[in-house]
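Novice: These are the residues of each chain, in order.
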Amino acid sequence: MSTFLYRLWTVLFVAALMLSCTQTLPNDYAELNEEVTISPDYRNLIIPCNIAPLNFKVEVSAEKILVGIQGDRGGSFVLKGPKVLIPEKKWRSLLEANKSGKYSVEVYARQNGEWNRYQPFTNSIAADSIDEYLSYRLIEPSYVLYENLCIRQRHLGSFWEKDIYNNNLVSEKEDFQCINCHSYQNYQTDNMQFHARAHHAGTLIVCDGVPRKVNLKTEQLISGGVYPAWHPFEKLIAYSVNNTNQLFHSKDIQKVEVLDRNSDLILYDIERNQVSIIQNDSIALETFPAWSPDGKTLYYSSARFESRTGDRESDLATYYQEIKYNIFSVPFDIEQRTFGEPRLLIDAESIGMSALLPRISPDGRYLLFSMAEYGTFHIWHKNSDLYLLDFQNNTIRSLEEVNSKDTESYHSWSSNGRWMVFSTRRDDGSYTRPYIAYFDEQGRAGKPFILPQKDPDFHLGFLKSYNIPEFMKEPVRVSPRKFARTLKGDAIQAVMR
Amino acid sequence: MRNKSSKPGKKQVSRPELPAGTFTWINITGSLLFALYSFWFLGIHKADLMFRLQELTLFLFDKTFFYEHLQSPGGLLEYAGKFLTQFFYYPRLGAVILTALLLLWQWMLVRAFDLPKHLRLLSLLPLSMALLYIGMQEYSIFVAKYSVLSQLAGMILAVLPLFVARFFPGTRARILILLTLVLLGYPFFGFYALLGALLLWVGLFAAGRTETEHQTKLLLRQLLLLLFLLAVPPLFFLLSGQNINPKYLFAYGLPVYDYPNTPWMWTALVACSLLLLGLALLSFVKKDSCRPLWWLNPLFFVLGITFVQAGSYKDLNFETQLAMERAISHEDWDKVLELARKPNDNPNRLLVIYRNIALYNKNQLCERMFTFPNTDEPFHTKNTLVSNTIVGAPVNCFYYGLLNYSYRWNMENMVLFGPRPENLRFMMMSALLNREMELAGKYIHILEKTLFYKKWASEHRVYLDDPALLLENKQYKTLLALTQYENLLGQDQRVIELAILNHFCNLKSGTDEMLEWSMSSILTTKSVYKFWPMFFVYVNKNLPLPRHVQEAALLLAYFEKRDLGDLINLMDPRVLQRFDEFKRLTESNTHLTEEMLAALVKRSFEKSYWYYFCFVKDLKTN
Numbered sequence: 149m150s151t152f153l154y155r156l157w158t159v160l161f162v163a164a165l166m167l168s169c170t171q172t173l174p175n176d177y178a179e180l181n182e183e184v185t186i187s188p189d190y191r192n193l194i195i196p197c198n199i200a201p202l203n204f205k206v207e208v209s210a211e212k213i214l215v216g217i218q219g220d221r222g223g224s225f226v227l228k229g230p231k232v233l234i235p236e237k238k239w240r241s242l243l244e245a246n247k248s249g250k251y252s253v254e255v256y257a258r259q260n261g262e263w264n265r266y267q268p269f270t271n272s273i274a275a276d277s278i279d280e281y282l283s284y285r286l287i288e289p290s291y292v293l294y295e296n297l298c299i300r301q302r303h304l305g306s307f308w309e310k311d312i313y314n315n316n317l318v319s320e321k322e323d324f325q326c327i328n329c330h331s332y333q334n335y336q337t338d339n340m341q342f343h344a345r346a347h348h349a350g351t352l353i354v355c356d357g358v359p360r361k362v363n364l365k366t367e368q369l370i371s372g373g374v375y376p377a378w379h380p381f382e383k384l385i386a387y388s389v390n391n392t393n394q395l396f397h398s399k400d401i402q403k404v405e406v407l408d409r410n411s412d413l414i415l416y417d418i419e420r421n422q423v424s425i426i427q428n429d430s431i432a433l434e435t436f437p438a439w440s441p442d443g444k445t446l447y448y449s450s451a452r453f454e455s456r457t458g459d460r461e462s463d464l465a466t467y468y469q470e471i472k473y474n475i476f477s478v479p480f481d482i483e484q485r486t487f488g489e490p491r492l493l494i495d496a497e498s499i500g501m502s503a504l505l506p507r508i509s510p511d512g513r514y515l516l517f518s519m520a521e522y523g524t525f526h527i528w529h530k531n532s533d534l535y536l537l538d539f540q541n542n543t544i545r546s547l548e549e550v551n552s553k554d555t556e557s558y559h560s561w562s563s564n565g566r567w568m569v570f571s572t573r574r575d576d577g578s579y580t581r582p583y584i585a586y587f588d589e590q591g592r593a594g595k596p597f598i599l600p601q602k603d604p605d606f607h608l609g610f611l612k613s614y615n616i617p618e619f620m621k622e623p624v625r626v627s628p629r630k631f632a633r634t635l636k637g638d639a640i641q642a643v644m645r
Numbered sequence: 205m206r207n208k209s210s211k212p213g214k215k216q217v218s219r220p221e222l223p224a225g226t227f228t229w230i231n232i233t234g235s236l237l238f239a240l241y242s243f244w245f246l247g248i249h250k251a252d253l254m255f256r257l258q259e260l261t262l263f264l265f266d267k268t269f270f271y272e273h274l275q276s277p278g279g280l281l282e283y284a285g286k287f288l289t290q291f292f293y294y295p296r297l298g299a300v301i302l303t304a305l306l307l308l309w310q311w312m313l314v315r316a317f318d319l320p321k322h323l324r325l326l327s328l329l330p331l332s333m334a335l336l337y338i339g340m341q342e343y344s345i346f347v348a349k350y351s352v353l354s355q356l357a358g359m360i361l362a363v364l365p366l367f368v369a370r371f372f373p374g375t376r377a378r379i380l381i382l383l384t385l386v387l388l389g390y391p392f393f394g395f396y397a398l399l400g401a402l403l404l405w406v407g408l409f410a411a412g413r414t415e416t417e418h419q420t421k422l423l424l425r426q427l428l429l430l431l432f433l434l435a436v437p438p439l440f441f442l443l444s445g446q447n448i449n450p451k452y453l454f455a456y457g458l459p460v461y462d463y464p465n466t467p468w469m470w471t472a473l474v475a476c477s478l479l480l481l482g483l484a485l486l487s488f489v490k491k492d493s494c495r496p497l498w499w500l501n502p503l504f505f506v507l508g509i510t511f512v513q514a515g516s517y518k519d520l521n522f523e524t525q526l527a528m529e530r531a532i533s534h535e536d537w538d539k540v541l542e543l544a545r546k547p548n549d550n551p552n553r554l555l556v557i558y559r560n561i562a563l564y565n566k567n568q569l570c571e572r573m574f575t576f577p578n579t580d581e582p583f584h585t586k587n588t589l590v591s592n593t594i595v596g597a598p599v600n601c602f603y604y605g606l607l608n609y610s611y612r613w614n615m616e617n618m619v620l621f622g623p624r625p626e627n628l629r630f631m632m633m634s635a636l637l638n639r640e641m642e643l644a645g646k647y648i649h650i651l652e653k654t655l656f657y658k659k660w661a662s663e664h665r666v667y668l669d670d671p672a673l674l675l676e677n678k679q680y681k682t683l684l685a686l687t688q689y690e691n692l693l694g695q696d697q698r699v700i701e702l703a704i705l706n707h708f709c710n711l712k713s714g715t716d717e718m719l720e721w722s723m724s725s726i727l728t729t730k731s732v733y734k735f736w737p738m739f740f741v742y743v744n745k746n747l748p749l750p751r752h753v754q755e756a757a758l759l760l761a762y763f764e765k766r767d768l769g770d771l772i773n774l775m776d777p778r779v780l781q782r783f784d785e786f787k788r789l790t791e792s793n794t795h796l797t798e799e800m801l802a803a804l805v806k807r808s809f810e811k812s813y814w815y816y817f818c819f820v821k822d823l824k825t826n
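One line per chain: the protein sequences are A and B, in this order.
Residue numbers for the first sequence follow our numbering, so the first one is 149 and each next one is one higher.
Residue numbers for the second sequence follow our numbering, so the first one is 205 and each next one is one higher.
Derived from the structure by calculation, the hints contain no laboratory data.
C-beta: ideal position from N, C-alpha, C; glycine also.
Fair warning: there could be bad hints in the mix.
As the list claims (entries may be wrong) - Computed Cβ-Cβ distance ranges for the label pairs, DEER-style:
id, chain 1, residue 1, chain 2, residue 2, range
1, A, Lys310, B, Leu240, 48 to 54 Å
2, B, Leu443, A, Asp429, 51 to 57 Å
3, B, Thr268, A, Ala275, 33 to 39 Å
4, A, Lys444, B, Thr268, 42 to 48 Å
Taking the hints into account, I'd like the entire structure generated from these sequences.
Specialist: The following block contains the structure:
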């Protein structure tokens, strides 16, 4: 008898618990003729079928808020607001059931004792998945000084996030380390690299899963390697080498101007540990290399700047608005490891603009780049937007469906070419956030959405910028401690070819 | 039976018994007096320091903020320290809370170490070390990464396990507490978990010696426990995913990144740790083996207070700076000037800048700025991170209307030392005045998660919706008027005082609000060739000539043999008369060396621009 009562009590208790968690939508409500404001703005999107829950906050004043989410092919649940935190399991089931379909969101708010329903909105679920991981550096939108820096990887199907490397592991009282420019070969992480500057400086290159530290600076070069571009399948990395200067606006809200005094392009052959020059015109500023998917063409940006007074640095500061980058391509002979003659691809200067960061889509059809009125570091230029060159019909257009009134800059394609991630400061003008947008076969992009977080208010309170968002198909498996040990060791000195 | 204490032939002297309850009264009185002292020390004597500490320490009621503090061992202590620090927004409130906590800690110490009545106030010595640690804080507070009160939290926590163990007298229970403390405590409390474990270990050792436990077995047990205590941090490092620098494995929770070149800042922490160990070692001694001396407890009390008073950092410039910064945070310019008027012949550059900002806000800048000493006393600290720019730029750039500089230096400070209420406030205001509304909204959102800045932040939301209201705020209106200059793209200006002076000196035009700053910069830098164009701006605008402008005009006209003509009528007759006296004094003493002449002129004309121009040279700033 006592066993029976115990079991009965347990069942009743669990049932009560489940009932208390189950919400139902009100039957009696007034239909409002307005759209609900939510943050982040996850309305009318095309989302990947394997993305993490798009948790959001309903930005209305109400005594109670209920949200109904329903897939058009099945799956529904009701959640409480204002912070709508979608259970991951239910979310994954919804996406799975409604691939290539849609789901709708209805928001009910009880105001002055009565329920109101806002206009529902729908999101489409693409059949195309997104790469499973995204990596980025977290850094304050700062000026000169740095301290706690990390490169992180995030699983896009959940909220899992982990350090790839954190400079805390080696920093000491007055010796700190800058880390930057993480980059992967063809979305795989067995071959990857990033730089460390100042304390225990060097370039950390992982080749076939084995990390090593390399010093890319030779006597002939103006610096060690800076912006990297892995060849899609050869053990080669193209780098820019840059002498960079930072200037400060006394009043302009763009605040900072980053200029290259000099920049060139080099190629690093990992297996031979050899560096060779790709471009080093003393007047041209070559930077931001990127490979075509077939590895036969290298793209890069270049601007010509001749000093007027003989003081190049001073002239750069005076005439910085005249520095306009164009995009070039140069053929590459994989067997011989030699480059042909560069060809002007996008003459941005002719229209008074500066084009940077060329990135080719995996199918080779499109070239995505950022363009602003001048200069080289577009994250500080509010008029920087994303543009698309279609090689098929040789047209260039502004990606209006993606651009905002503020900065759009660093961008990456997913491995299947159906998604793009880019850096933008559209939310507040200062803190860079990664936004993801769909890219269909017709070359149109969907409405971009911010990287989802467990707490919808996370991005509002987070005081770091997301820098260099890059897709990966798999996580980085080398541990942060192994990176730290490698960085503390001696660097292999690269030699000129 | 013969009394052990008596010897054959010795006359026995019986000492009078102390009245019952004597020790109790001494102890209670001692504790109460210490509490009063602590309240006075924290809430009155060091009120400005504690207020400033809370401006430099952010605590948010937010899950993400909490989880961030779990990223490395000792993080929870930081969390606790920051939580306590915020209450010093009202220094007396913070003092009450902290004093109560100290008394609680005292009570734990007495129970944990089983202090007999005649030694009970020995427990005040660790408390004194905690107060001393606070009292020793100097300019390093501006460049510290760790919160001061996190160390107090750590010390209290270190005693807690021994206190809890009193309720579980058995050896096995105590061993279990020790093992649990190290395993579960180290990830959150770092060094202080290890210290607590060490105190327990000593207690176990002492207990084992008094029990009938076999000594070899005892030694073996103690050795194993010690090895366990030492092994857990490296194991944690190897197995956990936390970002741990192995160099500081046993020191997490301590301010390892702070106090470069100032090792004496560790004195109080080391002393406190040793005192706790000493108290633990007392368990090896039979507490009733020595005769209870009634004067020991008062002695401990006196020693404790003496250590705190003698060891606390005393520096007129530092104390004045803290008080001025507190006044500035309330925009109480009268208070700033009252502090500036206190006798101090050697203010540092930061005090001079704060004073000038206050004078400007009271419309007295070029009237009175040279009536105060203009010196360049360096910061009295060996901490090389401390500079005028790092310490002062976040605040003073804002009041000069240099919003981008203000934003920049607050951001740089945030990068180096973590987000602070002060930085967030000034970044919010700079963004607001720069019309970067979404950015200002972000900082308002964060400040609304604090206890004491919430209201102030929320009041600023009204400007997000209606920026025109900024002009109805007197301070913001003035600051906006100071921003009416042409943008200039320039190199990194790391010496902020020079950047500010150059900015105002080089202005070709501006609003009336900028005029005083421009003229004061010209006078400060003695930019003679810029003086007359600015002088004539006053004249042409029919603005009254401030005293120092008159003084400069008379002096420069004298040097240049320039005839001022009708302009003389704009001068105050008293200034004219004084200038004649100045001329007579200097002309009749040309035989003196420069130093002797300076000393002579200083006696009568120190509070004039003439003395400054002629004899104050080579001022250094950083």
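Novice: Find the hints from earlier in the document that the structure breaks and name them by number, from lowest to highest.
Specialist: none
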